[in-house]
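Chemist: As they're listed, the protein sequences go chains C, G, D, U, R and S.
According to UniProt numbering, the stretch in the first sequence is residues 1 to 266, in order.
According to UniProt numbering, the stretch in the second sequence is residues 1 to 266, in order.
According to UniProt numbering, the stretch in the third sequence is residues 1 to 266, in order.
According to UniProt numbering, the stretch in the fourth sequence is residues 1 to 266, in order.
According to UniProt numbering, the stretch in the fifth sequence is residues 1 to 266, in order.
According to UniProt numbering, the stretch in the sixth sequence is residues 1 to 266, in order.
Computed, partial: chain R to chain S, Cβ under 10 Å:
#1 122
#2 123
#3 177
#4 211
#5 212
#6 248
Here are the simulated SDA-like cross-link-like pairs (lysine to any residue), alpha carbons at most 25 Å apart as the crow flies:
#7 G:236 x D:25
#8 R:153 x C:265
#9 R:153 x G:197
#10 U:4 x U:157
#11 G:153 x U:129
#12 D:153 x S:129
#13 G:103 x U:266
#14 R:3 x R:154
#15 S:23 x R:239
Derived from the structure by calculation, the hints contain no laboratory data.
All C-beta atoms, glycine included, are put in the ideal place defined by N, C-alpha and C.
Protein chains: 6
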Amino acid sequence: MLKKLLITGANGQLGAECRAKLKPLAETIRLGARHGLGEAAPHEEIVYCDLGDKVAVEAMVEGCDGIVHMGGQAIEAPWDTIRNANIDGLFNLYEGARKSSVKPRIVFASSNHAIGFHRQTERLDAKSPTRPDGLYGVSKVFGEGLASMYHDKFGIETASVRIGSCTPEPDNHRALSTWLSYDDLIRLIVCIFNVPRLGCPIIYGASNNDAGLWDNREVGYIGWQPRDNAEAFREKIEASVPRPSGDDVLALYHGGAFCGHDIHED
Amino acid sequence: MLKKLLITGANGQLGAECRAKLKPLAETIRLGARHGLGEAAPHEEIVYCDLGDKVAVEAMVEGCDGIVHMGGQAIEAPWDTIRNANIDGLFNLYEGARKSSVKPRIVFASSNHAIGFHRQTERLDAKSPTRPDGLYGVSKVFGEGLASMYHDKFGIETASVRIGSCTPEPDNHRALSTWLSYDDLIRLIVCIFNVPRLGCPIIYGASNNDAGLWDNREVGYIGWQPRDNAEAFREKIEASVPRPSGDDVLALYHGGAFCGHDIHED
Amino acid sequence: MLKKLLITGANGQLGAECRAKLKPLAETIRLGARHGLGEAAPHEEIVYCDLGDKVAVEAMVEGCDGIVHMGGQAIEAPWDTIRNANIDGLFNLYEGARKSSVKPRIVFASSNHAIGFHRQTERLDAKSPTRPDGLYGVSKVFGEGLASMYHDKFGIETASVRIGSCTPEPDNHRALSTWLSYDDLIRLIVCIFNVPRLGCPIIYGASNNDAGLWDNREVGYIGWQPRDNAEAFREKIEASVPRPSGDDVLALYHGGAFCGHDIHED
Amino acid sequence: MLKKLLITGANGQLGAECRAKLKPLAETIRLGARHGLGEAAPHEEIVYCDLGDKVAVEAMVEGCDGIVHMGGQAIEAPWDTIRNANIDGLFNLYEGARKSSVKPRIVFASSNHAIGFHRQTERLDAKSPTRPDGLYGVSKVFGEGLASMYHDKFGIETASVRIGSCTPEPDNHRALSTWLSYDDLIRLIVCIFNVPRLGCPIIYGASNNDAGLWDNREVGYIGWQPRDNAEAFREKIEASVPRPSGDDVLALYHGGAFCGHDIHED
Amino acid sequence: MLKKLLITGANGQLGAECRAKLKPLAETIRLGARHGLGEAAPHEEIVYCDLGDKVAVEAMVEGCDGIVHMGGQAIEAPWDTIRNANIDGLFNLYEGARKSSVKPRIVFASSNHAIGFHRQTERLDAKSPTRPDGLYGVSKVFGEGLASMYHDKFGIETASVRIGSCTPEPDNHRALSTWLSYDDLIRLIVCIFNVPRLGCPIIYGASNNDAGLWDNREVGYIGWQPRDNAEAFREKIEASVPRPSGDDVLALYHGGAFCGHDIHED
Amino acid sequence: MLKKLLITGANGQLGAECRAKLKPLAETIRLGARHGLGEAAPHEEIVYCDLGDKVAVEAMVEGCDGIVHMGGQAIEAPWDTIRNANIDGLFNLYEGARKSSVKPRIVFASSNHAIGFHRQTERLDAKSPTRPDGLYGVSKVFGEGLASMYHDKFGIETASVRIGSCTPEPDNHRALSTWLSYDDLIRLIVCIFNVPRLGCPIIYGASNNDAGLWDNREVGYIGWQPRDNAEAFREKIEASVPRPSGDDVLALYHGGAFCGHDIHED
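The shape of chain C in the complex, shown without the other chains (with noise of 0.2 Å):
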């Protein structure tokens, strides 16, 4: 069991949905945001602080022995927003991570936007080249080969979890194939901190889903089945939503409508 838990970006969705369940996980949890995280409840702590904040963010770090990072700006965004959340602030958080008195260990929220352009027809794993589909996907890419140095360098470990589409339910034709069940990423965080020695994998965060694009079998050894299937909501999709044509980036490519973003400017 962990002592400290840090779980940033906590009043988003994801960072809620952690908030939530993880509590079995640590001792302590402490909530990073920087606004709006409500009342503490028992064996919380919350910390409010902006992640290009570095003073504040090492002093956020500090002390925990884990960490689920879920921070950061999570969608495209105008370059300035990207760098201060993405880049520097998970500069940040690595070098709070490297001074602690106690080395953490990172679950960090990458994005399929790192490998976005690849077409849906090619199936992808940890070892595909990376195609990053926007702004946000290169500042996923630096992200994932920022943790893979501290991990060389300093020996700290990070599960790099490309996620796909993390909601209640799959909601269109792309998320039949990479949607992620909030409980699928709940239990695949619990592998996470469970394993004897992590290393530094990089994991498509999907869930058991028929027509699914990524193959996680590289990293059996961290024990995580998904368990979920959108399939069980193709039907309602199909009758909701207008299939995309074969043409629309909805179809061809895995970082679906990211590819068609526009570089967005201040």
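Given chain C's structure and the hints, the job is docking chains G, D, U, R and S onto it.
Modeler: The following block gives chains G, D, U, R and S in isolation, referenced to the frame of chain C:
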């Protein structure tokens, strides 16, 4: 939903199965064969046509947005038969598709006999080299090549399904590995018409058999998960069919008995 | 059905399991060991024999059309012990097979210790290079090589089963990955004797564990689908066994504790 | 040394080159074409024959222990032309080989157009999937499949040579990658007839070009090391041929201009 | 021939080399640096500019159809330095390229430090996973990701050259493997601008060293065959530089000394 | 420079070659054999010793920082001979290395007969599965496994050199592929002792033959580029040695004649 689905070879075993079960896929089902199609049911159209007759084939294909091509010669035969039905006939079909007022998506009934001379001790996937086991198998290699070219050059999408042993039940030891149930075949065809972007994949047509030889992981995006399993028939087969010796073509090669056939002379 | 199945090491844990459950495979079971086999049951024959005694081994093997070779030294030991039982002994067994009046099919109890020094963060299959973790593991590399040569040169088929942790229950964290249930072992042996053409495969002997490390997809043709799963015992293990640290050989290597053993001197 | 070497298409460019330079390979050279072979030199035999005429082809092949098959249709053409020369014609040739009183070794002039729709930015080897770029290319896929089957089933050895751009000099930018000098072609054919065991390899026919696209390392056992290099002609080409734009099929695809041809209708 | 080639970092060692030797590539050479460019020669333009200044960078890039980006921070440094020059600076460069009136082709000076933590006993190619060896290396992973995205999304072609040890002579044992001569670098840049279709390749920048570690076979289409060989300097190095011990980072890792550097704090 | 280099089997053909040419590598050369070493030259030490004598072997190894192990049984032989020299003997050598006051680096004379039953039409590299072609080949598989284990467990570095046909000249058709010149062997050994970090590689010992079968690209870091080429002897061989038929083991398998030998009985 398709406007008009053409099923060729509709008087054959698999064609009849498709006729019976694919109705929900299309507003109209056009059935093609040389003879023996009986009376048209509601929403059915019947076309009698020899695949070697280019004008007739092009007329049959015109206006169909989906084609399940079960027609042609389905077992080893003299060259003239194979050539007329599976080489000239397939060229005629694709020319019909190219010239049609609507661009059809095609299911091409390829065969395990395109890779029949690989050893059963070797697992295959879609990238394994072809090793046809007779003139019939060579005609399927030709067909997959033709489909590939019409896709690259004209954008016509085809799923080449290398059908294993598609029978009501597996009925010999090799079929414990190669069996494809009728239900799994139908589910596969439905998946092929449902996926927004098909591309031009090669798919092994086998059920979820414990002793399977073929790996479809590269086409996970199709969303097809076969449900039947030949293992359920193992006891019955062991009780009724002599187990082949280890030096028998039935035990040595993916293609089984076809590997032992001589060239069929006229 | 086999005429005569030889089970060596029949007084050991796995040998006894085979003795109890493999009866349906053969008309007669011949049991071999140095001692301790009790009374022969109906359809059983008992042969006392040291594997290092070439004449005795050849006599024991004569006339058997199946061999389950569980005999030999099963854990790390001084060189003379390993050499006598696993190197000389195995050579004697294969010479017996070569000279026998019937050509036997052989199950060779190899071991995960043939690949023990690979990291647990790396997934292995039958083509992964060997990395033995001690003299015992080196003797298994020798044995797999010997089996390969007798197959290529003399047509004797062997399944080299790299057994994981074959115990009634998984009893430590590593075994959550490496456990092989007795039932899955027995089912595997049955499959090996049933497949018409075996060849000379390497098979990882592990149950269907959520946290499995080994990939058997290349031997799908055997038809073995393990059914048990060590995950069912995770809670019990977590409650009763201290989790190893990430730098412990138990957490680092496929071979676990064997990787930490020094050479056993006489 | 061969007894009798058949060169088909001996009136074509490559056939004539073979006629001029392969004399040392055989006691007798039999030359086949539809017309235009002039007078037979000493040790030459001339046979006029249409590849579509089965009886004539079988007679031409009878008694030859080596065949260099340069005959057939060598560029894109209407279907009937391709089908007659490259499909029916090749079947006739192999039937002749099968029925002949001596088993010939065959050099089959396949073509880079069997893989023409791969991108030039992608390196290919013999295991790369075929992607034919027209009816001509599809006929070469057919031919390689036919050769494979006659090897597996009847033991007839064929080298399928995917010829690049075999001309006196490379004469455009793509040929800097795809050029095969006449001398390298002749050396290759000599190697093919000298190796004691040929099997049924696919070999890319290109010289040792700095900008080469194809990898022949799998066929090192043939002993062919091409010596010419298109780079010697780069300056001349840059000075005389406009460099294609990056979106031109000449720059995009292995098959170059063929990828832009429409189907040739009669 | 290019209209206008921008060389950034033109006052650095490699930039100066490019300035001296790339004149034949373009009608005009625009030289960029923060300072120290001396006087413009005929056909040269000089632009002083900080890479972190977005407006200035976009102005510098405007109108150039080729860019050799040697600018930025070239060794390990504190985060702010790396971030400003190699992350913000590179983003500014690509935004300039995207907005420019002509679409430039870019040579990006990436580095072996993007893969520095792989062991020297392991050979790498362009598909090997990145393993950066410091903040500098991570910034190169970021840069390659950015280049990939601007290619997939906006069609801007980049060659990411993972430069080894680009010095007048190899001067230590590791450089016997990693040396890139100035002449080979220049020849590579010429090839990159000459190939009609570049795509977005990763190229290892090393000469034809006997002890090379990197495999460029996937980019044969570029036509670059390095001609120099560090082996010519082996005796001199052995005589003047102490051979590192086998446990030294110089001997263990592709990245050499960088793997031993701590994070540079401001 | 080494302090003391042990050459075992120094009275054999290759051992004598090493004795003559490796002097520059070490201050002292210790020569081991059972007999026939003549007089010690300056800087030479002579040790007579049977490899099966553990005490004697350990004394021979003590104090050597380099070992070229050419000793042992070098061709097929009865089991007792192989076992004593190549199994017990090699164990004794590594135990000597483990117990020695200095940790030696070892060149182990493995053999192509460790992979001899692969077909010549198949190219091999260090990761190809072993397929030994006799008891001798099995002993080499054992030896490579032993070397791997002493490296992983005790840090002893070994280069396992799978020697092809090491003779003054290639003298048959297979040797056109497998020949290793004496000079290339010596250069290889020098490289092995010069590289700062060796690890535990498998290296194919063959010259730069046009018809080579083996791929050493994974060990580029060693810096060995063989310079001789068996092709220079092709005419001589063709003139003096009958070309084997395609069904001869000489033409079929990497191991050549060894694949045809029966077990040598005492």
